[in-house]
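Let the hints inform the model, and build the full structure from the sequences given.
Chains as they are written, first to last, in UniProt numbering: chain R, 1 to 202; chain V, 1 to 502.
I should point out that these hints are in silico values taken from the structure, not numbers from a laboratory. For every residue, glycine included, the Cβ atom is placed at its ideal position computed from N, Cα and C. Possibly wrong hints are sitting among the right ones.
[As the list claims (entries may be wrong)] In silico DSSO-like cross-links for lysine-lysine, where the CA-CA straight-line distance does not exceed 27 Å: (1) Lys72(R) with Lys198(R); (2) Lys482(V) with Lys399(V); (3) Lys139(V) with Lys60(R); (4) Lys61(R) with Lys435(V); (5) Lys198(R) with Lys399(V); (6) Lys435(V) with Lys367(V); (7) Lys77(R) with Lys101(R); (8) Lys479(V) with Lys422(V); (9) Lys144(R) with Lys399(V); (10) Lys198(R) with Lys169(R); (11) Lys77(R) with Lys61(R); (12) Lys77(R) with Lys12(R); (13) Lys479(V) with Lys489(V); (14) Lys139(V) with Lys101(R); (15) Lys156(R) with Lys139(V); (16) Lys367(V) with Lys169(R); (17) Lys77(R) with Lys139(V); (18) Lys199(R) with Lys489(V); (19) Lys139(V) with Lys72(R); (20) Lys198(R) with Lys139(V); (21) Lys422(V) with Lys144(R); (22) Lys169(R) with Lys123(R); (23) Lys139(V) with Lys144(R); (24) Lys429(V) with Lys481(V).
[To be verified] Partial selection, computed: residues in chain V whose CB lies under 8 Å from chain R: (25) Arg132; (26) Cys135; (27) Phe136; (28) Asn137; (29) Ala140; (30) Leu142; (31) Ala143; (32) Pro144.
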Amino acid sequence: MSPAAKSSITLKGSVAIVTEFLEFGINSILFQRGIYPNDHFVQVQKYGIPVMLTNNEEVKKFIRTILTQLQKFTLDKCVHRLVLVIVDVRTNETIEKWDFKIELTTNDDEVTNEKTDLNEIQKNIRDVIRQITASVSFLPFIDKLCCFDILLYTDKNTLLPSDQWSDGKPPIIAREEKVQLRSFSTGIHEIDTIVAYKKEAV
Amino acid sequence: MSKYTNVSLLDSFVNLNLTDSICNKSLSAPVASTAKTPCKTPGKKSNFKTPKVTPSAMNNTLKTPGSPTSAADRYIPNRNAMNFEINHHLLTQGDKTTKENDGEPVKDTTINQSTKQQAISEALNCDLNNHRILCFNDKAPLAPEGHANSLKVLYSSSKISNSCKKSNRHIPSQPERILDAPDIKNDYYLQLLDWNSNNLLAVALDKDLYLWNASNGSITKLVGLPEGEYISSVAWFDGFNNLAVGTSNREVQLWDAEQQKRLRIMQGHTARVSTLAWNSHVLSSGSRNGQIFHHDVRVAQHHIGTLNGHEQEVCGLKWSSGGNYLASGGNDNVVNIWSKDPGNDRPLYTFNSHTAAVKALAWSPWKPNLLATGGGTADRHIKIWNVNNGSCLYSVDAKSQVCAILWSKEYQELISAHGYSKNELIVWKYPGVSKITELRGHTQRILGLSMSPDGSTVVSLSADETLRFWECFQVDNEKKKKAELKAYKDILVNNPLRSSIR
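Right under this line is the structure:
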């Protein structure tokens, strides 16, 4: 490989990669699971594949607010996972959740190893996004009106960033089934993606 | 697979065998997070005792390659989340409690409770005691009203085939004849096909209109519009060889098929004329802007009425067999029922329950108040209405876009034509509306249906540029003979030739 492959990565860079992945991941899920109509999305090229991004300003703002906060938390190393929950609007029941585990693999602020090649990271991220896209084939079809919410799991002693934040309830799915997708690592963070869904009654 | 490989090679024989048996169990379901039914366990016990299985299992274990990330692919996700050990523990635990249910249940249930607790917190994916869950107060907006997951069409299409009801008559599953229809305009909203009582079939192919004589197979080109325009609807004037033609140029033209010349042009619409229906000398035409006009074709001032009941393009228009009601269906998902009095400009009934454009409309020939309607891609339902009181009698999910519906004249049946994914025709039994048979052959969606004057054959026009003739309502022979005999007798009695000789 080129000498660039041996480049190092900083905590800040890793956080940027992770939040970018989460943005595209969340958008893909919203599109694939039909939470919003198709015409609320536009196609962009990212990681070498077409990815759908929402063009609904309110949704965009919501996701951006949360990811900005996540970015701060990740830099403070006090966030452990981001969970996207899909809730049936009528019954208020959680029917699906997407769990992005953000694991800090090192305490150093700058790392150089074989995992830090940007191309390799992007390739791994692409594989995860592809799996998200492919997941509609096994996930139960959502035919109810649903909304989504994003939860951040932080350290116990983390303070609420502002009065716009509050404590959320842990999402519990009755008759849950889980499928873990691929994971990727930036050398500093390792991201595991797990989708949990309600098993269809037989 | 990582749990699998993590098992130390120094572990006991039984231990290896144990993981193997769990794996076998868990492979069937992606994840088992709670205990399974204990009844399966006894069978597994015997598995413990068979050492035969182990060597091969061990080999497999040793050979299983790679890290957890590379073990997964797009369809076989990695199994890190599957807690094989806990699940196995729960399985055996469950077995114990049932076995010792009448013995000393207390101790066992407490163990089970604690493991259950553990399993629950595992299921929640984290140690809740050490984490704080934060959420943002301003939630994301709801999807707009009426939004339905558009993937529904893709993922539930024709998945479960309605069981077909046994019928005691034979319906040929192959078309009797196939004709080419090149350059057909693949537009769901148009009405491109009509068959009249003189056995002439009119088919509009883009800007040209052809007549196919079903008695002798001859073909005549009747209409040719200038370049850039196209024919958007056709309808025969019942009993005559006069044809009404709606065009993209906002005109309604009247043609005489015998003389092969145009009789008159009626203007007035401000958008293309996408559907036409006759009620004796009144021609009703529906347009893209949602207006329906009544034209009296006998008088110079032909425009005698306007109906404003649709917000979007009118794509279905049918007069009931007695001429008392007009049904109109639009791209705004609404079906309106109008009375025949042209002065009455409010609909008698408005049916809102379809969730997609309604193009397929058909009045029953044997019950004048019965209307069948079919919705487009996002709706896919066939509904049958009683227009005397405006009630919906039946609603069936056809699992596919409904493009057209016809009632049989002979049988208490109806036939519907569909689009994606099977592009089939379905014959339904009425009442009860159960599927009798499916007729497949078209490779693209069907755009229109028409019935032969004798009611035995249905022709379907499809976007795959073919016309297929299906003999699905053939009269059975015995009945036919009787009818023929009766007709023959009628001829003997009423024959004008015979009376003239006398």
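Hints versus structure:
1. Taken as a hint, the Lys72(R) and Lys198(R) pair is broken in the structure, with Cα atoms around 32 Å apart against an allowance of 27 Å.
2. The hinted pair formed by Lys482(V) and Lys399(V) fails the criterion: a straight-line CA distance of about 40 Å is larger than 27 Å.
3. Straight-line distance between C-alpha atoms of Lys139(V) and Lys60(R) comes to about 12 Å, which keeps the hinted pair within the 27 Å bound.
4. A distance of roughly 49 Å separates the Cα atoms of Lys61(R) and Lys435(V); the hinted pair therefore is violated under the 27 Å criterion.
5. Of the supplied pair hints, the one linking Lys198(R) and Lys399(V) holds, its CA atoms being roughly 24 Å apart against a limit of 27 Å.
6. For the suggested pair Lys435(V) and Lys367(V), the alpha carbons sit about 20 Å apart, so the restraint of at most 27 Å is met.
7. Restraint check for Lys77(R) and Lys101(R): satisfied, since their Cα atoms lie roughly 13 Å apart, inside the 27 Å limit.
8. Our distance criterion of 27 Å between C-alpha atoms is broken by Lys479(V) and Lys422(V), whose separation comes to about 34 Å.
9. For the hint pairing Lys144(R) with Lys399(V), the CA-to-CA distance comes to about 18 Å; that is within 27 Å, so the pair holds.
10. A hinted pair counts as satisfied when its Cα atoms are at most 27 Å apart, and Lys198(R) with Lys169(R) qualifies at roughly 18 Å.
11. Pair hint Lys77(R) plus Lys61(R) holds up; C-alpha atoms about 24 Å apart against a cutoff of 27 Å.
12. With a C-alpha separation of about 11 Å, the suggested pair Lys77(R) and Lys12(R) falls inside the 27 Å cut-off, and the hint holds.
13. Proposed proximity of Lys479(V) and Lys489(V) is supported: the alpha carbons are some 15 Å apart, at most 27 Å.
14. For the given pair, Lys139(V) sits about 22 Å from Lys101(R) by alpha-carbon distance, which is consistent with the 27 Å threshold.
15. Note on Lys156(R) and Lys139(V): the hinted pairing holds, with a Cα-Cα distance of about 23 Å set against a maximum of 27 Å.
16. As the CA atoms of Lys367(V) and Lys169(R) are separated by approximately 58 Å, the hinted pair breaks the 27 Å bound.
17. Restraint check: the Cα-Cα separation between Lys77(R) and Lys139(V) comes to about 25 Å, which is no more than 27 Å; the hinted pair holds.
18. Taken as a hint, the Lys199(R) and Lys489(V) pair is broken in the structure, with Cα atoms around 68 Å apart against an allowance of 27 Å.
19. With a C-alpha separation of about 20 Å, the suggested pairing of Lys139(V) with Lys72(R) holds against the 27 Å cut-off.
20. For a cut-off of 27 Å, the pair hint linking Lys198(R) to Lys139(V) stands: about 23 Å separates their Cα positions.
21. At roughly 25 Å between alpha-carbon atoms, Lys422(V) and Lys144(R) fall within 27 Å of each other, so this suggested pair holds.
22. Restraint check for Lys169(R) and Lys123(R): not satisfied, since their Cα atoms lie roughly 35 Å apart, outside the 27 Å limit.
23. For a cut-off of 27 Å, the pair hint linking Lys139(V) to Lys144(R) stands: about 19 Å separates their Cα positions.
24. The straight-line distance between the Cα atoms of Lys429(V) and Lys481(V) is roughly 25 Å, inside the 27 Å bound, and the hint therefore holds.
25. Hint on Arg132(V) holds. Least Cβ distance to chain R is approximately 5 Å, under the 8 Å limit.
26. Hint on Cys135(V) holds. Least Cβ distance to chain R is approximately 4 Å, under the 8 Å limit.
27. Given the 8 Å rule on beta carbons, the hint for Phe136(V) holds: about 6 Å separates it from the nearest Cβ of chain R.
28. With a cut of 8 Å, the hint placing Asn137(V) at the interface with chain R holds, because the nearest CB-to-CB distance is about 5 Å.
29. Checking Ala140(V) against chain R by beta carbon gives a least distance of about 4 Å; that is within 8 Å, so the hint holds.
30. A distance limit of 8 Å between C-beta atoms decides the matter here; for Leu142(V) the minimum to chain R is near 6 Å, and the interface restraint holds.
31. The beta carbon of Ala143(V) is positioned within 8 Å of a beta carbon in chain R (closest approach about 5 Å), and the interface hint is therefore held.
32. Given hint, Pro144(V) at the interface with chain R, holds; its Cβ is 7 Å from that chain's nearest Cβ, closer than 8 Å.
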